[in-house]
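Engineer: Sequence:
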Amino acid sequence: MSDRRLLLDGPDLTELLARAGQLGGRVVRAQRLRKGLLMRQWYEVTVAVPDPQVAPPTRLAARRAPAPARPVAPPAGIGDLLGAAEAAERMESEASRAARAAGARSAKSQRGR
Numbered sequence: 001m002s003d004r005r006l007l008l009d010g011p012d013l014t015e016l017l018a019r020a021g022q023l024g025g026r027v028v029r030a031q032r033l034r035k036g037l038l039m040r041q042w043y044e045v046t047v048a049v050p051d052p053q054v055a056p057p058t059r060l061a062a063r064r065a066p067a068p069a070r071p072v073a074p075p076a077g078i079g080d081l082l083g084a085a086e087a088a089e090r091m092e093s094e095a096s097r098a099a100r101a102a103g104a105r106s107a108k109s110q111r112g113r
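Its first residue numbered 1, the sequence shown is counted upward by one per residue in full-length UniProt numbering.
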């Protein structure tokens, strides 16, 4: 979404922050400035305001709720950790074999055309 940036300035910081709230924006930067021989002091507040001409993105599909977490018992020792690592390697190697086989079938069908 695109935001417009507005610069508000004046002698009272609380008024500027209230104005930013009325605009419905968020304060990006605020600073106190002094200038001149008499050190005149004022504040500048940069506010990001949502652009009303840009429509917010619409949701195309509702998100599914995450699956409930299954309780997992902590590993009892080094044997359990090794077993879990070996199981993960087996799953990974089975998935990579399946992917290679699918790629080979795809390449074979491409050559046959």
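Please note that a few of the clues may not be correct.
Label-pair distances were calculated between CB atoms; the ranges are [as the list claims (entries may be wrong)]:
#1 85 <-> 53: 53 to 61 Å
#2 5 <-> 41: 48 to 56 Å
#3 37 <-> 4: 52 to 60 Å
#4 101 <-> 29: 52 to 60 Å
#5 78 <-> 5: 18 to 26 Å
#6 105 <-> 77: 54 to 62 Å
#7 88 <-> 50: 39 to 47 Å
Here are the simulated SDA-like cross-link-like pairs (lysine to any residue), alpha carbons at most 20 Å apart as the crow flies [said to hold, decoys possible]:
#8 35 <-> 76
#9 35 <-> 3
#10 35 <-> 13
#11 35 <-> 12
#12 35 <-> 19
#13 35 <-> 10
#14 35 <-> 80
Hints are computed from structural coordinates only; laboratory data are not their basis. A virtual CB, placed ideally from N, CA and C, is assigned to each residue, including glycine.
Engineer: Could you run down the list of hints and mark each one as holding or not?
Structural biologist: Hints, verified against the model:
no.: 1; hint: 85 <-> 53: 53 to 61 Å; verdict: holds (55 Å)
no.: 2; hint: 5 <-> 41: 48 to 56 Å; verdict: violated (23 Å)
no.: 3; hint: 37 <-> 4: 52 to 60 Å; verdict: violated (36 Å)
no.: 4; hint: 101 <-> 29: 52 to 60 Å; verdict: holds (57 Å)
no.: 5; hint: 78 <-> 5: 18 to 26 Å; verdict: violated (58 Å)
no.: 6; hint: 105 <-> 77: 54 to 62 Å; verdict: violated (43 Å)
no.: 7; hint: 88 <-> 50: 39 to 47 Å; verdict: holds (45 Å)
no.: 8; hint: 35 <-> 76; verdict: violated (69 Å)
no.: 9; hint: 35 <-> 3; verdict: violated (30 Å)
no.: 10; hint: 35 <-> 13; verdict: holds (17 Å)
no.: 11; hint: 35 <-> 12; verdict: holds (16 Å)
no.: 12; hint: 35 <-> 19; verdict: violated (24 Å)
no.: 13; hint: 35 <-> 10; verdict: holds (13 Å)
no.: 14; hint: 35 <-> 80; verdict: violated (70 Å)
In this structure, the earlier hints numbered 2, 3, 5, 6, 8, 9, 12 and 14 are contradicted, and the remaining ones agree with it.
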